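**Student:** In order, the protein sequence lines correspond to chains B and Y. Here this note's numbering is used: position 8 in the first sequence is 8, and no number is missing along the way. Here this note's numbering is used: position 419 in the second sequence is 419, and no number is missing along the way.
If you are wondering where the hints come from, they were derived from the structure by calculation, not from laboratory data. Just so you know, not all the hints are guaranteed correct.
Straight-line Cα separation of at most 27 Å, DSSO-like style, residue types lysine-lysine; simulated pairs [what the hints assert, rightly or not]:
id: 1; chain 1: B; residue 1: 214; chain 2: Y; residue 2: 400
id: 2; chain 1: B; residue 1: 171; chain 2: Y; residue 2: 214
id: 3; chain 1: B; residue 1: 400; chain 2: B; residue 2: 214
Here are some, though not all, of the chain Y residues that point toward chain B, as calculated from beta-carbon distances under 10 Å [to be verified]:
id: 4; residue: 167
id: 5; residue: 190
id: 6; residue: 370
id: 7; residue: 399
None of these values were measured; they are calculated from a predicted model. We put the beta carbon where it would ideally sit given N, CA and C, even for glycine.
Here are the chains, one letter per residue:
There are 2 protein chains.
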Amino acid sequence: MAMTRGIDETHDAALTSWLPGANAPGHDFPIQNLPFGIFRRRGSGEPPHAGVAIGDRVLDIAACRTAGLFTGLASEAAAVCGDASLNRLAALGPAHAGALRGQISALLRAGDTRIAGLPDWETRVLPRISECELFLPMETGDYTDFYASIHHATNVGRLFRPEQPLLPNYKHVPIGYHGRASSLILDGTPVRRPMGQTQASPDGLQPPSFGPCKALDYEVEAGLIIGTGNPLGTRIPVAAAEDHLFGMCLLNDWSARDLQKWEYQPLGPFLAKSFATTLSPWVITWEALAPYRAAAAAHPSGDPAPLAYLDQGSASGRAAINLVCELHLLTPAMRQQSLAPARLSRAHARDLYWTPAQLLAHHASNGCNLRPGDILGTGTISGPDAENRGCLLELTQGGKDAVVLPAGETRRYLQDGDEVILSGHCEAPGFVRIGFGECRGTVLPAVG
Amino acid sequence: MAMTRGIDETHDAALTSWLPGANAPGHDFPIQNLPFGIFRRRGSGEPPHAGVAIGDRVLDIAACRTAGLFTGLASEAAAVCGDASLNRLAALGPAHAGALRGQISALLRAGDTRIAGLPDWETRVLPRISECELFLPMETGDYTDFYASIHHATNVGRLFRPEQPLLPNYKHVPIGYHGRASSLILDGTPVRRPMGQTQASPDGLQPPSFGPCKALDYEVEAGLIIGTGNPLGTRIPVAAAEDHLFGMCLLNDWSARDLQKWEYQPLGPFLAKSFATTLSPWVITWEALAPYRAAAAAHPSGDPAPLAYLDQGSASGRAAINLVCELHLLTPAMRQQSLAPARLSRAHARDLYWTPAQLLAHHASNGCNLRPGDILGTGTISGPDAENRGCLLELTQGGKDAVVLPAGETRRYLQDGDEVILSGHCEAPGFVRIGFGECRGTVLPAVG
Chain B
1 MAMTRGIDET
11 HDAALTSWLP
21 GANAPGHDFP
31 IQNLPFGIFR
41 RRGSGEPPHA
51 GVAIGDRVLD
61 IAACRTAGLF
71 TGLASEAAAV
81 CGDASLNRLA
91 ALGPAHAGAL
101 RGQISALLRA
111 GDTRIAGLPD
121 WETRVLPRIS
131 ECELFLPMET
141 GDYTDFYASI
151 HHATNVGRLF
161 RPEQPLLPNY
171 KHVPIGYHGR
181 ASSLILDGTP
191 VRRPMGQTQA
201 SPDGLQPPSF
211 GPCKALDYEV
221 EAGLIIGTGN
231 PLGTRIPVAA
241 AEDHLFGMCL
251 LNDWSARDLQ
261 KWEYQPLGPF
271 LAKSFATTLS
281 PWVITWEALA
291 PYRAAAAAHP
301 SGDPAPLAYL
311 DQGSASGRAA
321 INLVCELHLL
331 TPAMRQQSLA
341 PARLSRAHAR
351 DLYWTPAQLL
361 AHHASNGCNL
371 RPGDILGTGT
381 ISGPDAENRG
391 CLLELTQGGK
401 DAVVLPAGET
411 RRYLQDGDEV
421 ILSGHCEAPG
431 FVRIGFGECR
441 GTVLPAVG
Chain Y
1 MAMTRGIDET
11 HDAALTSWLP
21 GANAPGHDFP
31 IQNLPFGIFR
41 RRGSGEPPHA
51 GVAIGDRVLD
61 IAACRTAGLF
71 TGLASEAAAV
81 CGDASLNRLA
91 ALGPAHAGAL
101 RGQISALLRA
111 GDTRIAGLPD
121 WETRVLPRIS
131 ECELFLPMET
141 GDYTDFYASI
151 HHATNVGRLF
161 RPEQPLLPNY
171 KHVPIGYHGR
181 ASSLILDGTP
191 VRRPMGQTQA
201 SPDGLQPPSF
211 GPCKALDYEV
221 EAGLIIGTGN
231 PLGTRIPVAA
241 AEDHLFGMCL
251 LNDWSARDLQ
261 KWEYQPLGPF
271 LAKSFATTLS
281 PWVITWEALA
291 PYRAAAAAHP
301 SGDPAPLAYL
311 DQGSASGRAA
321 INLVCELHLL
331 TPAMRQQSLA
341 PARLSRAHAR
351 DLYWTPAQLL
361 AHHASNGCNL
371 RPGDILGTGT
381 ISGPDAENRG
391 CLLELTQGGK
401 DAVVLPAGET
411 RRYLQDGDEV
421 ILSGHCEAPG
431 FVRIGFGECR
441 GTVLPAVG
């Protein structure tokens, strides 16, 4: 039985907050968003715990609970918000997360005086994000990366297998692989250029060499975050799949293309991926995303119908997420010349061939157990047009056509000192824009 | 700097225990073994905690510590043995694990009276394994599966890619992929036959179908268990790699061959593997394995020399583990006729193309962080002869040649009710045989 997690008063575009600064237009975190994260006041020595971003501040959920501001399911949900991860909150399921969201919305709404009546509320209950440290929001047992963009799969396939860019399974199976959970890192963490084995000769018959990666790339992705899991040996029907989702974040699946090319047959990418995967700090809840749903991507006529276990029927009409992701690059030269970051990619999650519910139902279709905090990456989000290409591999045709940057520089792949900035937002007619925050990382030189 | 974890008095073949039953010949757990595990007395309600197998009993480390039987590093090590996993013990490193092993060996040695002088020692300090529940020994953040047997890679490659069984990267790169940590299960846990997508037509152009796996297989493997990890962005020199190993266990990487064949391109195996991976309950410590080392497998002349980061130099002479794995099958008909399990595979870990240190150094060569409790599967262990084939895919040539069983039955792949029993042991001239225990699982029917 699917839960209803539809549009309600928390999404009303007319809502404003009594909090100064929270109503600035174009801000990522208006009162309609309310994403969860893990934070602590810098220098406080307090243990990391859960908060909700609002404007340029973070609401301390535990402080509100101590003040008796929550009731019912919201109070039960707030009781696990002293944890150093959102796992237990996510595991409580949509009813709890939704109730907490609703009561936080009410607390922050224009006219409400409960928080501003608390002593030291500006520092104790609603500190500025800039005065806080942020942490990975989830403790992730398993990270899976899918390959849900047919545009990406086709563009990459053309480079690796010109004779057969899209393999016969693609339109039937949501292709994915197990990723590395240990190397998940938070927005802002520098990324060390990996060393690795590469093979310069196209036929693979010359001796390979070991050295710094020469084809370091980013991948524009979104991450689906599991809320309630399923026991090993059970499946999740596609119609109930979204009940198991807690929310979404942005994800940059850093990739060493030269390592990948040499190592990936026959078992898939391994060390080309496991040196870093950057996550954004704020979990945009599934509740917050309700107004920003889109129809599943139209499959070209002649494409196969999904098998029954992946068929969403009439739910297809709002099965996708209308998330727009943008990737900007800031090089050391641009920084020196005070140039703004240059946009390299702009891609739409609604263009993905497979929907979040399909990815999740497929993942559990063999009885695989998903656990709270698990992350399912969409895979690189690309689209039909050149500006929609979500990684340099696609943008530069495998390093052949350099991208020209504002300072007159060019890039085939990332260079040391380059900062990669992934951002994302949702928009819908009649609703405000909500943002996903950022997912940044600067490339550090390899250590030989 | 590599630690010395060599042969010492704990390995002496002349050692015997004062404990009745521990000296029975052919037993897996003589006093020279002393593997760690997690247990609790059945029905006691006590939290799971660490023990050491000796004969048919398990030594309660916390009980010995309470009695003041440990000193120095061993006492520090015993202080974390109340945990429900061995992770903190493993993370302390070889000096601590070695000291604890040494003092436990002394406590159990013939003539020592300290334990037998404690009240209720038979139930409180040394309960029978048969009266205990066992648990997964490690909390595993990431499980990696390698492909270290060139015999397996060649046999399987011949079936999937007859024109090029062994890919050009194989003799340079220790091929591996990220596995699924959530579906790691303990010896004895039944395995539900997975459902999944399969494609019956060889050209992949007919519509696939979704249903129960028809080609369920086992894989004979060993698991390397990480003790001390490495920070993200750092590497582990091959000469120091074994310092990071806590021990080994047996591992059955259950595989759905029909799902695998259809899904594995281009990102590798996914749902074909993530429904179950069975581990044996006892961690054979790296210290215990010292007498059972073997030379790294001889690479045929003409094979490339390993790149410097994988070159073990003179250490190659004892870089492998002389572990023999056996796989037995017991079908419902055999059980009914009281027939003994039939041996299908017998394989030697010393035949692997890559050594444990090479697998570990390669894994961290890109800066990937390994964490205490992580497991590195060797991949299916096969050898040059027919009896060495470590999975049914190889034994039956992809399901073509059925295996004939004692009751006159045949098997191409596993059937419901079949019990798969993986065991392993080490032997060396002048030393006693030590066993790895068992890794069992019975196939349950799929749930449609």
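**Student:** Between residue 214(B) and residue 400(Y), does the CA-CA distance stay at or below 27 Å?
**Tutor:** 45 Å, violated
**Student:** For the hint on residue 370(Y), just tell me whether its beta-carbon gets within less than 10 Å of chain B.
**Tutor:** 7 Å, holds
**Student:** Would the stated hint for residue 190(Y) survive a check requiring a Cβ distance to chain B of less than 10 Å?
**Tutor:** Since chain B brings a Cβ to about 9 Å from residue 190(Y), closer than 10 Å, the hint holds.
**Student:** Can the hint on residue 399(Y) be confirmed by a CB-to-CB distance to chain B that is less than 10 Å?
**Tutor:** Because about 19 Å separates residue 399(Y) from the closest Cβ in chain B, which is outside the 10 Å limit, the hint is violated.
**Student:** Hold the hint about residue 167(Y) up to the distance rule: shortest CB distance to chain B must be less than 10 Å.
**Tutor:** 5 Å, holds
**Student:** Hey, residue 171(B) versus residue 214(Y), does the alpha-carbon distance stay inside 27 Å?
**Tutor:** Within the cut-off at roughly 22 Å; holds.
**Student:** Does residue 214(B) lie within 27 Å of residue 400(B) when you go C-alpha to C-alpha?
**Tutor:** 13 Å, holds
Against the hints set out earlier in the document, violations occur for numbers 1 and 7.
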